[in-house]
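Trainee: If you're matching them up, the sequences are chains A and B in order.
Anchor point for the first sequence: position 578 equals 578 in our numbering, and the numbering is continuous, going up by one each time.
Anchor point for the second sequence: position 261 equals 1371 in our numbering, and the numbering is continuous, going up by one each time.
These are calculated hints, taken from the structure and not from any lab test.
Any given hint could turn out to be false.
Pairs of lysine-lysine, PhoX-like flavour, derived with a Cα cap of 20 angstroms [unchecked claim]:
| hint | chain 1 | residue 1 | chain 2 | residue 2 |
| --- | --- | --- | --- | --- |
| 1 | A | K932 | B | K1345 |
| 2 | A | K98 | B | K1254 |
| 3 | A | K98 | A | K683 |
| 4 | B | K1345 | A | K929 |
| 5 | B | K1307 | B | K1345 |
| 6 | A | K356 | A | K345 |
| 7 | B | K1344 | A | K929 |
| 8 | B | K1307 | A | K932 |
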Amino acid sequence: MEKKNSGEFKELEELVWHHIDSFDYMVDRGLEIMLDNIKPCRQAKVSYTGKFEADVCFQYDGRPVIREKYNLGQFPIMLKSKLCYLRSADPQQLVSLKEEASEVGGYFILNGIERVFRCLIMPKQNYPMSMTRGSYRERREGYTDKAVVIRCVREYQSSLTDHSSVTVRLYYLRNGSARVGFWVRGREYLLPVGIVLKALVETTDREIYENLTCYYDEKYEKVKGAVGSQLLGERAKIILDEVRVASLFTQDDCLQHIGEHFQPVVDELENKTPYTVAHAVLKDYVFVHLPNFHDKFSLLINFSRFVDQTSALDNPDSLQNQDILLPGHLITIYLKEKLEEWLRKAKSLIQDELAKNNTFNFLAVGDVRKVMDKNSSVSISTAVESMLRSGRLATQTGLDLQQRAGYTVQAERLNYLRFLSFFRAVHRGASFAGGRTTSVRKLLPESWGFLCPVHTPDGEPCGLLNHMTCSCRVTSYFDSQGAVKDFFDIRKSILGVLTSLGMIASLPKLVHAGPPKSLSVLLDGRVIGSLPSSKIEKVVAHLRRLKVSATSAIPDDMEVGYVPLSIGGAYPGLYISTYPSRFIRPVRNISIPSEEGQDIELIGPFEQVFMEIKCPDGGNGGRSDAFPATHEEIHPTNMISVVANLTPWSDHNQSPRNMYQCQMAKQTMAFSLQSLCFRADQKIYHLQTPQTPIVRTGAYTKYSIDEHPTGTNAIVAVLAYTGYDMEDAMILNKSSVDRGMFHGQIYQTETIDLSDEGSKSDRSHRRFRRSNTDRSSHSLIDSDGLPYVGQIIQPNEPYCSIYNDITNSSKANKNHLQKVNIRFRHPRNPIIGDKFSSRHGQKGVCSQLWPDIDMPFSGVTGMRPDLIINPHAFPSRMTIAMLLESLAAKGGSLNGNFVDATPFASTVRAANAGEANSESESLVDELGKMLKCNGFNHHGVEVLYSGVYGTELTCEIFIGPVYYQRLRHMVSDKFQVRSTGPVDQITRQPIKGRKRGGGIRFGEMERDSMLAHGAAYLLHDRLHTCSDYHIADVCSICGSILTTHFQPQRRIVRDIGGLPPVKAPKKVVCHACQTSKGIETVAMPYVFRYLAAELAAMNIKMTLHLNDGA
Amino acid sequence: MKDDYLKFELRETDASVANALRRVMIAEVPTIAIDLVEIEVNSSVLNDEFIAHRLGLIPLTSERAMEMRFSRDCDACDGDGQCEYCSVEFHLRAKCVTDQTLDVTSKDLYSSDHAVIPVDFSDPSDPNEPSDNTETQRGVIIVKLRRGQELRLRAIARKGIGKDHAKWSPAATVTFMYEPEIHINEDLMETLTLEEKLSWIESSPTRVFDIDKVTQQVVVVDPEAYTYDDEVIKKAEAMGKRGLIDIRAKEDSFIFTVESTGAVKASQLFLNAIEILKQKLDAVRLSDDTVEADDQFGELGVHMRGG
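So that you can see chain B by itself, here it is in the shape it has in the complex (with noise of 0.2 angstroms):
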């Protein structure tokens, strides 16, 4: 477990649970991103739509992001998102001056709020990486300016969901698998010769299996890392030996991964996505599974049905 990356399995439950937790953390937590871009002075090379559509694909640091409101439904500021309860406002000045090419970065983006910056995908505890301020470290780039080219914004980040755009996505990966079961037909895989279980073992793609240096027996090594592909069993069909092995999919094991983009933490994100799970679940009872109720929830209830 990373920040970014988590590894867990989950047990009784069936797939469709596991399922709705990997739909709504990539669909549904919710994280923040720029919504809105006002250009002041854009003399770049990319034009006004590709610039806002860069911006709007940065991660950032969205902790704050299940508390915030929706600027469709804050009351605040009627929705314009404008206000500081839906919406972070950042700014962007940029201006080449020397013959060097100057990369304007995420870095560059100055955030109204400081709970709301960028993501930082500098690794401190990373020693390859230096620690001073060199290129590594500015961040992701918006563009390139040349001399006297310059870049002057207004963006505003809103909340939002990666239903409605992949930006608002915080997972990058979400999948689950089943866990397998493998049992090894140790009768069988006796009958074999050494060369012949070493072939069988390269079988497979992935390292799954190995040989015991002392036993020479084929021992599994990593389960997990088996995926599904049926080519160990259709190499030991080849060799006559139907039967050497059996995997069995656990029904109601999964193993779950989860890489976030940054604007939220993996742990968290899962957890976000549990809670979130929750308030639709809330949202079906309350409903009282009347038909009706649909148009109560919209979109929602809609959703539930399976959209």
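Just chain A, with the same shape it has in the complex (with noise of 0.2 angstroms):
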């Protein structure tokens, strides 16, 4: 066996990294973790956890700080991650550990169950964003529709986060001033912005007034990139006029008035002055990426520039205002929700035990112990496997996010490029999904290069989840070396670098200029300094180099978000940003100077919108000579996703074709695991003998998808042989389905846990062993009660015996197998009705199994199709680059090497090659000249002699090899057939539900359609014969279903020696009439009579009149 050197698989374990690399941050921030013993997990159906333990520390009353270890339970561990015992195995390592050899990791095993976290799109953070938003109106009285919107994460001193985040609003209103917004304990909160203005920090009324008009300058009034309005002197006089007349004049005044305001709202400052409170509530909720009070005052300064609204609005749903929310960060909040919960209730604990208790002893371990365990540690740790495991949040605060549901999901291994497009997945969020705008399923130009346009599924999520493109990379904590970012270092040498350049950098009481004089610029979302405009395009371009360079302090990964002045556009800015969990992807930055060495630069959604990217086609893409690129894209295939990147030209085809097939990839049935034979999956879907496509593209390498292959080079003749190949049926050949083509299995795990059913008391006495005296099953059970290995089961046979003694004393019991998984291998091999799809959208069910000798045969080698596709699939479907596969793998095959089918290849070659060699030759000449030397015709046709008659058909048919892939939809799990069966209770019509031997509805549409056909008796023996026919003793005197009932008859009829007693006449009595005249049997459905019950119940009565004929 070849040698896996662990680099094979680096491109692969590059498209997880996100998942893994914000977990690791996670569990680095200074918690305690210790790994115990890892099992087999996904077997054992448990979790894969390791001990969480932590030093909680006590202090009070000043006295010394007592550390004590509380084990804090079992918290799950992702896999691959830094605590995962495979982070370092090789790919040999990992086979011997029973893993797959491509093992990447990034997911959580919870019960046995592979749970992927689900990335989601969060707001920019740290970004302030001016919206319009209807539901701003109806805050309160004189609010208007906009808002300046930021969305804070909270960060320390030491420039340390732990993710929460905190959203501000600034509301405007009609009268010209506006509120702060923000969120405490459910509940929003509206402040006048001069009163939280002036509690930041010591100030007058003239300094907030001169920073507040900075941004306007009469000079400037219609100069490109000028922002704001005469309107804005007025409005800084409405904002400081609001704060005199609550006659709030100085810093204290309003830190009284907000102290005041919160002391009920915020809990364990309730005795603590008014004073602390405001600065508590300051500093908590109002912009808490910013620890300064200074920074957040220059801030809020310029979120106000916003104002006047003459620049555009941002729009919420482009990638460029957004971030990433990964699961290290979400588990971070969570944890630290929990942790502090847990402590609260432990502080109140000791709290309420010294009120009551004077002899407890606070320094005493042991009462203080004692007193803890009464609140179980062990909760927080379950706490968090509850939620990866469910993917809900159980909290009261909301924790600043959107939606409470849908955080993990199950990652499946149907096949491999589906569990890879679980990590590669970003959703919109769950909010989203039900509300009737399209707007956030739009595909903006903004995610160009970032979100695959082509890998979404369509329906209902159509547009909200989307996947990643395979270039596309996520920040994260730790540089290209593995070691954690120093972001206090990282900013500290960013503001020495623009300081260097020339910015003016903020200091309280310092008055800047607006634009377009000067441009502010933010790092990270703290004001820190102007720069005027006429030397930031330098400064970019520094920066830009900087970042490249790999000696810089610069961080290759920064975002230099540059807005140019413009007229009438965004909020002109220079906004940079270092923090971790943002989309990046590489680009060639062709402006620096080769000789430099490395060009590849990250760039982020949000500088992108900003820049000049061409694409490496020769082109000039329509740009205008003022504005040369200065980036290169990579290559074109870099803005689509792993999985739309393996279907081979995908340009020839038409996009919604390149969807489909997105899709239907992801439900191949396929070589899903190499560690088949370890694994207790619920089901698994295997295909027998993959084979690997000769037409690839260059991500098929690169992604090492051999691995894990999904289909087979099938001989697809285009024609319309028999007729069973209309409507997209295909007709398989016989004799190629018996030698083993598309043959597949479903394993099955069946987990029977003795422990878990069945009532308590008798559960210890229940285990795995089979009758003795029954020996009915012994052919089918062994003696341990379980199946023997390899045994054939047939459905509706035993497959398992439970014993159930009494006898035994419960103790030994205890001993005895309580949990077993039985697998069952289904074989699948194609029948009618299953589904199959070539890499290009073009699905079919198998209509036929056709015989080898009535195929059709080709002259010349003797070949037979393996398979047959009707022609009419082509010219509706424009799928081109399904004809060209079919061409080249012919062509390939009969080289014997593999054809490179790399979408857009063709583009970047011409412009390689210059234009001197402009007039290259067609993809299609190409191939067929290929053909051509082998001695086939070079389109691909073959004359074919019909199998049936010998004769030859008239027309020469298009014959090649496809890679088809068998999809998991197979009529086996699908047909629904009944003639009688289980029927509801109440209605007494058939169940629905294949799974319970139900019926297909037959509804209304049908009912149409029968009556259109005049089908009457067709019609009544659907919906009554076959449905709820039912015979009813009606009254006729007094016309009542109901109060009819059988008379019991005592027995007149003897006995007659030897024969069997004849059976009593009915009599039926009608309760109401006291009497058995008028009653008469009408065929009436069953629910006719629920019906009349009901109506009875309230109080209506049903009469029938019955007569005789019309």
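Both chains are given apart, each in its own frame, so use the hints to dock them into the complex.
Mentor: What follows is the structure, given as structure tokens:
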């Protein structure tokens, strides 16, 4: 066996890196987590966890701190994270650990089920966004629909963050003032902006006025890039007047005001002075990413620049203003909240204990422990585990997140592409899924290069569930060497660079000029200064150069979001971001001289919008000379996802077909796992003899898809042969199927846990054993009560036997096996009705297994096709790439080599070849030539002979190998048939549901079509005879069907020796009329009787008038 | 003509007979193939069905097949397929004890009948193939075993036809084509320059024509290589020389190509096919072309009517 070095899967690993990374950081962040033992979790159906311990410090009345260790339970661990024992394993070791050689990790194992975090789109953190939303108007009287919103992520002095965020909104009022709004404990609080400004720093009205109006200068009113209008001064006055009216003049006044306001809301501070309360509120809820109050002040000033709305609004649906929520970050926030909750509870417990128990000694460890034990510490890990297991957050505060559920999904290993896609998926948020607006689903140009335009499901989640492109990465806490980044240092060095380039650093009391003269510079949401607009282009270029160069302290994933001056465009400024969980992707920086070595720059979606990036196709993309391209895409395929990249020549297909292929690739029955025998997944689909495609893209080898191939090269003839290939049906060659084409299995695991089922009392008495008395099942069940290994089990045969021995003592039973996994293998060879598809969104259902001898054959080679599809599949769908694939695969198989089908390859090649050789050959000619060399027609057609008559078919037939996938939808799982069967208890109509042997609904539209055909008898048969046919006794006197009942008959007829007793004639009596005279039998649907009964319950009487005939 | 390859010409008949022969060769000449597998131990990576399927596809030498009985109408064993008249038993025992991966191949199958053995594909006449017992001679690989893995099974091979399952098909490929009749319009051809002639020759993907080095005339080298692709005719039209070439298929002459799986020699396969075709025709004749006879001959009758 060939040796595999770990580098081989590097590309793959990179794809899931953002998951692992974020978890690593969470773990690193000072939490002491210790790893005990790791079990083969998937099989044991338990969770992959490690022991989680924490030092809890007690401090009371200034006495020395007591540290004690508390076990916080078993904490779930992400696979291949730093705590995982697979982290450093190379492929060989992974195999010996019974894992996949290409295991990438990034998911959790909880109760034997692999769960992966669903990444969410979040509003860009620490970036003020001006928005308009109708609901703002409803906040309170006098509000407009405009506001500036910033999602602040908490940060401490040392630039460390715990990812908890607080959203602050600045609402505009119709009278020109503004309100600061933020959420505390599920309620939004609104404060006049003037009060907050004054409370933040010791300042004067004049300073505030100057700061607020600095963004406007009459001189530049009509100049490009000017923002603000004369109204600005008016507004500043109104804001300041508001404060004066409230007679709050000094900082202390304002703090006092805020403190009184919030005192009842913020707990643990109830008995503190208003001053401290106000301080805490400003610290914990207003601009929490800035620990410094001066910074908060200048940011709030910066906020009000939007007042006039002279610059364009930001689009919250555009990727430009978005970040990603990663698993580690969510767990951190959640864990933090749970820990706080626990500590608060512990505190109150101790306080209670102190209050009522005088002997309680706080210094005695034992006593404290006793109290603390009441407050289960294990619950913290359990809470995190259940969050990951169910994807639901159990929280009161909401954690500033938009949704409570759907944070994790099960990582199905249906096939590898599906599994991989779980890690690349990004969801827009569950709250948008229900909404009727479609604007969030729109594919916006801002997401170019970051989110795949092709790889999104159609239907309900369309546009909401996106996938990252193959080159898209997410910034993390770790630099390329794997060391944790020190953001404090990074920011300091950025600051240093900027100041040296002529930035006027922001200082308290210093008033800056506004655009267009100079632009303010924000670093991670902090106003750090302003740059004259004349210098800014140079500064940006310099920053980019530093970013790329390896030696500088500037990180390579820094985002230099330079919003240039414009008329009515976005608010100009320089926004620099260094924080993690941003999207980034590599492009080539062509403005840097290539001698400097590296020219690959990582760019983010925010800066991308204002950058000039050209496609490497030789053209200029309609760019005007005023704005020459500074960057270049590395390869056009970088704009699509991994799965979309596997479609050969997808640039020759109609785009919806590529979307369909992305979906179908993910539901292909394929070679899902190499460690198949060590797995106990509920269901594994497995293709017995997969092949590697002859025609493949560059991505196929790059991501080593050969480890988990998904289909078979089938010889496909395109002709209408038997009529069985109409309407997307396809004919399979029976002999090919006999020889193993598309054979497959489903592995299904059934878990029987004796400790789970049954009542508590008899739980301990039960174990797996077969009955000694009943020998009927001995051929099926072994003496251990389980089936023989390798046994063939037919439907409805028993496969396990549970023995209940009450005689045994209960203790001995502990040692008995209590849980078993029984794995079934269902052979699933292709049959009529199974679904197949090519890689071009051309799916079809097998309509016949046609005998080999009846298939058309080639007179030259004698080949019969494996598969026949109808030519009508092509004209309207325009999947030219499928035809190309057929041609190329034919040539490739004749020459014995793989054919590269990377999309857009020809444009790139043309660009490289230059203008000299612009008249390059078309792809078809190239492929045709390859065929011609091997003695085939260069259009890929061949003369075929009818298999039935042996005569030449009138047309030449297009035939060649196409890579076909078998989809997981199989008739065996779908067929539904019933003649009689279970009925519903109340209505006596057949029940629904395939599993329970129910019927298929013959609904309203079906009924309509029957009526249209006048098929009355058929209709009657379907809706009555085969449904709830009922013969009711109706009393014609009172017209009731409910009052009739059987009269119990005395047996008049005596037994006549030896003969069976004659059945007494039924006598039905109407209860209301006390007679049996008017009783008639009427056939009716049983629901009718039910209706009568229901109406009777509501005191409505239903009477029937019976008469004969018309 | 080789053991597994045969090319011949069938004359003075029509497409129906030719095609009937082809169909019989593919689907109705009986061979012997493993049909029942009883697995005792299987700790290999492949599952039981997979191995059984692979065993079934191994070609077995089936010279005896014509005389053998179908197990379904075998009197000796009531059709349960266990007697010597209708079945051959195989045993396979393999266990890997070394660290090296063990290939279990068709050579490891032990037959109870020396006439029915897995086909030996090694060609002693081929000088490229080493004569010593190296891997090239090991036959068809069934499964690979790692250390400690074991495979033990009993298999029963039966007679069958390719119509039931492809494993009983003795022919890999049987094909025929009409023999082409190629007439070059020499007068028109002479109007072409040498380059034109060459490019015209090149237009055919297969080497049907060539140029005579001496006379510089276009000659037909290999009419059988012609694939009826009409490329040369199109080319001629494109050159403005309609009628430069006239190609007609001879309606009554067929070039047959037979490739055998090795179960039966290609030549024997053809003879067997004729034999079976004869039997079928006899059956039709007996039926006296009454519709009732369909019941008598059951499946065969249905088949004869064009199934």
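Trainee: Decide, hint by hint, whether the structure agrees.
Mentor: Evaluated hints:
1. A:K932 / B:K1345: holds (14 angstroms)
2. A:K98 / B:K1254: Judged against 20 angstroms, a Cα distance of about 19 angstroms means the pair holds.
3. A:K98 / A:K683: OK: A:K98 and A:K683 at ~19 angstroms, within 20 angstroms.
4. B:K1345 / A:K929: Roughly 16 angstroms separates the two Cα atoms, so the pair holds.
5. B:K1307 / B:K1345: holds (11 angstroms)
6. A:K356 / A:K345: Holds - the C-alpha atoms of A:K345 and A:K356 are around 17 angstroms apart, at most 20 angstroms.
7. B:K1344 / A:K929: Answer holds: B:K1344 to A:K929 is near 17 angstroms, not above 20 angstroms.
8. B:K1307 / A:K932: Given pair B:K1307, A:K932 holds - Cα atoms ~18 angstroms apart, limit 20 angstroms.
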